[in-house]
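A.B. asks: Chain by chain, the residues run as shown.
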Amino acid sequence: MSIIEIKDLNKTYHVHQKKEGLWGSLTGLFRREYKEVCAVKDLNLQVEQGEFVAFLGPNGAGKTTTLKLLSGVINPTSGSVNVMGYVPWERKNEYRRRFALVMGQKNQLWWDLPARESFRLHQQIYQIDNKEFNYTLTELSDLLQIGKLLDQPVRELSLGERMKMELTAALLHSPEILFLDEPTIGLDVIAQHNIQNFLKYYQKERKITILLTSHYMKDIAALCQRVVVIAQGQLKYDGSLGEIIDQFSSTKEITLSLDTNDQPTGLEDLGEVLEVNLPRVKLRVQRNKVAACISRIMDLYTVEDITVEELPLEEVIANVFAHMSQPSDTDKPNEEIVSSR
Amino acid sequence: MSNTVVATTISHTIGHRFKVWWMIFKISLEERLAYRGDFALGTLMRFLPIVTQIFLWGAIFSAGMTEEGKLFGYSYTDMVAYYLLTMLARAFSSMPGLATGIAAEIRSGEIKKYLIQPVDLLGYLFLRRIAHKVAYYAIALLPFAFVFFLCRGYFSSFPDLLTFGAFLASLVMGFLIGYYLEACIGLVGFWFLEVGSLLFIYMLLSFFLSGHMFPLDILPTSVKTVIELLPLKYLAYYPPAIFLGKIQGWALVYGLLIEAVWLLFFVVLSRVMFHFGVKRYSGFGG
Amino acid sequence: MYWLKRYLNIWFAFLRNSLVRDMSFRNNFWLELIAASSWVVMNLGFYILVYQHTEEIGQGSGWHFPEFLCFLATTTLITSVVQAFFMPNAQEFSELIRTGGLDFVLLKPIDTQFLVSFRKVSWSSLGNFVFALGLLGYSVWKMTTAETDPLVLSPIICLLYPLFVLLGIVMMYSLMMILAATSIWLGRNQTLYDFWFYITNFSRYPKEIYSGAWGLPLQYLFLFVVPILLVVNVPARMLAAPFRHQENPGLWYVEWYLPIFMVGAAVVSLSLSRAIFQWALRSYRSSSS
Chain A
1 MSIIEIKDLN KTYHVHQKKE GLWGSLTGLF RREYKEVCAV KDLNLQVEQG EFVAFLGPNG
61 AGKTTTLKLL SGVINPTSGS VNVMGYVPWE RKNEYRRRFA LVMGQKNQLW WDLPARESFR
121 LHQQIYQIDN KEFNYTLTEL SDLLQIGKLL DQPVRELSLG ERMKMELTAA LLHSPEILFL
181 DEPTIGLDVI AQHNIQNFLK YYQKERKITI LLTSHYMKDI AALCQRVVVI AQGQLKYDGS
241 LGEIIDQFSS TKEITLSLDT NDQPTGLEDL GEVLEVNLPR VKLRVQRNKV AACISRIMDL
301 YTVEDITVEE LPLEEVIANV FAHMSQPSDT DKPNEEIVSS R
Chain B
1 MSNTVVATTI SHTIGHRFKV WWMIFKISLE ERLAYRGDFA LGTLMRFLPI VTQIFLWGAI
61 FSAGMTEEGK LFGYSYTDMV AYYLLTMLAR AFSSMPGLAT GIAAEIRSGE IKKYLIQPVD
121 LLGYLFLRRI AHKVAYYAIA LLPFAFVFFL CRGYFSSFPD LLTFGAFLAS LVMGFLIGYY
181 LEACIGLVGF WFLEVGSLLF IYMLLSFFLS GHMFPLDILP TSVKTVIELL PLKYLAYYPP
241 AIFLGKIQGW ALVYGLLIEA VWLLFFVVLS RVMFHFGVKR YSGFGG
Chain C
1 MYWLKRYLNI WFAFLRNSLV RDMSFRNNFW LELIAASSWV VMNLGFYILV YQHTEEIGQG
61 SGWHFPEFLC FLATTTLITS VVQAFFMPNA QEFSELIRTG GLDFVLLKPI DTQFLVSFRK
121 VSWSSLGNFV FALGLLGYSV WKMTTAETDP LVLSPIICLL YPLFVLLGIV MMYSLMMILA
181 ATSIWLGRNQ TLYDFWFYIT NFSRYPKEIY SGAWGLPLQY LFLFVVPILL VVNVPARMLA
241 APFRHQENPG LWYVEWYLPI FMVGAAVVSL SLSRAIFQWA LRSYRSSSS
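Protein chains in written order, with my numbering: chain A, 1 to 341; chain B, 1 to 286; chain C, 1 to 289.
These are calculated hints, taken from the structure and not from any lab test.
Errors might be hidden in some of the hints.
Heads up, simulated PhoX-like pairs for lysine-lysine below, C-alpha to C-alpha not over 20 Å straight-line [as the list claims (entries may be wrong)]:
#1 B:Lys70 <-> B:Lys246
#2 A:Lys106 <-> C:Lys108
#3 C:Lys108 <-> A:Lys92
The following residues of chain A were derived to be distant from chain C, with all beta-carbon distances above 10 Å [what the hints assert, rightly or not]:
#4 Lys35
#5 Ser118
#6 Gly147
#7 Ala231
#8 Phe248
#9 Glu304
#10 Leu313
The C-beta atom is built at its ideal place from N, Cα and C for all residues, glycine as well.
For reference, chain A alone in the conformation it holds in the complex (with noise of 0.2 Å):
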């Protein structure tokens, strides 16, 4: 059995409608109309123990509702969902006891007190025995090498740094499934490096399942195995990175360096030119073109050196993204307004 599974889950918000200007001000005092947005729509999804999930999505696309929804915080409009046996809404503290979620934009440390404080805190609240305790933050705090400021107050710690006992805190009850949203948001590349590092470490040595969304593909193509793409509340994709950029980048980028400084000629025959600032030409190459291409290449130009990339990730994503919200016939437009009061 999956250590997670989700079926057929629904969640529905209604929405104040504000009518513009002073007038729909002075009757919305009265009568007030309301939409609903579908957050999370007949989602299905399965993950296994010990696999490292990322979701992936454009704002709003129902990412970070469903961590919600997995992690009990609300309740879903209908569907079920099973972790590790429990329903996550029923907020069973032996559930509470088994998971972590880390909410990058959100601060859950006593913004005034030294880290350590709010780690005693968790140590009694989740009932860690003192052994256990003082053995999980010395592993921690080497790991993260935050020894030093364990004792200074919170707001006096930079974001990377917060962002680290934030982790730390989730992680010292040795949760069995981590929830992570968007753990590297506004940090720079090298404390973002620090945390995938870590995360990546820790997740091999325990073995434990975590569930990440984030927009930086970098942390995503660094960590995770799979990824599900989640759009308008839907799942769109699920599968390895390897097989989305299969799928959504049919082209390759092939840059050139030529010995002459003279316009060459019959570029366009090639592929589409990206950009010619001589010595370097850039060219985009359909995939199974890219050999072909290569040795006329070398035919028709003399060339000091050549490469050839995959399209950026995060472009690939935006193709992915592009494609999934082009409307088919099937799809119904997620907001309606249903009611007014």
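Keeping the supplied structure of chain A fixed, place chains B and C upon it in accordance with the hints.
C.D. replies: What follows is chains B and C alone, placed relative to chain A:
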């Protein structure tokens, strides 16, 4: 919320200015009306404390050592009328959230948006406040009228037109003093980041010494003389006292003049504080 | 009893963290302490003024000056505890809802209501508790040494008084939780504090002042429907026994039916607050991030 609107004004013509003012006013009014749950509750609740005051004084008068049915120069009906009128005065002069709002914007650095955009903080907040008040009066008018109609028996006589004019003037000036006084407290945030306690002390003093809790006339004469020198009395005590004829003749004229001077003082003080506060703020690099 | 020990441990951690936090803003702590106690002192001053012109508040009610001091001390005792332990949490609760911080609270393997209502402690509000104890001591001394009808304290009363003060606190806590829970539905709830202030305002006076055609229904409303008038009145009456001045103090059950009723009211209001809180949690939708 509405800061984007303000940003577009470059022109300084009077017409343009009015347009901007109207926009700020309108948006603030809309914002206010958006939270209807809060609004309706808040308005109704304001009438509750006065009920206990009326009963408390009823109990005090029932066993009090009155002279011709009067305590501290007030008959029981006067006392009730005083509290009702204080409600009205407070509806003008109270500025919930003003000082804390300013202080919070300074602390979080949001104050920068007023320094970047061509808009004057004090003027902007002033318009917003008027909008809030207008929204409040629009909803509170009915319950106010209802309560005053129910309690019309407590008003022994309606004052003459001149006194009534003075009463209105003191209400309007009470609003202005309330606004500028609280703005000054908020601006202290430029120097001390935590103004919460200062504000609490101000609220405390204004509750007891503005006449909100009791008419200042019950204080011993020596204390009263000192308290009368403070501007706090204009926030609650003064308008009802005028209405009930406690202040008459030249005393009333002087009283209103002194009130105007206090108003001027706080307007100037807030401007000066804002000027130096911004200087200090930008000096520290925000 | 294992869970009790566990929850107590967590509560001690809350107390400790709050103290550490308060102490790191020492100036503010002292300011808050002074501000909070001057409120009580000024309130006391007002009644001292009033009692210079009156024998008792409410003709024949028995609330003479020393008795009324006892009433005032009881009020302060209860409010200071509520302000120290529950008020900061109720205020934070609407903030938790607005910012979505409640998500984290819901994740913890511990009772959510417990975590929400005991997380923060405002130590500076406990200054008033000490002041109230002093005031209580003074008033008891005044009453027991009065020339006419001195008060005789029985050990039972000395035991029951703190117990009923505790019940009063429980009732105030329940009311506060009910109000706080409404902010889940109302979203931003600025008026929560005002509402609380206005409602509890009714509890801070002897019930005798609500008399006459308008007063009596009000008195019964706040005794039996929204029973906040019991909160201070029952323990204060028990200790100060203002009715001892009356010629025939009445049958025992006339004086004791309110305390007995209060026990029931406290149980009911606590369960009600629990039910409403759970109900409100179910409609929590979490702020979008």
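A.B. asks: Among all the numbered hints in the text so far, which are the ones the structure does not match?
C.D. replies: Failing hint: just 5.
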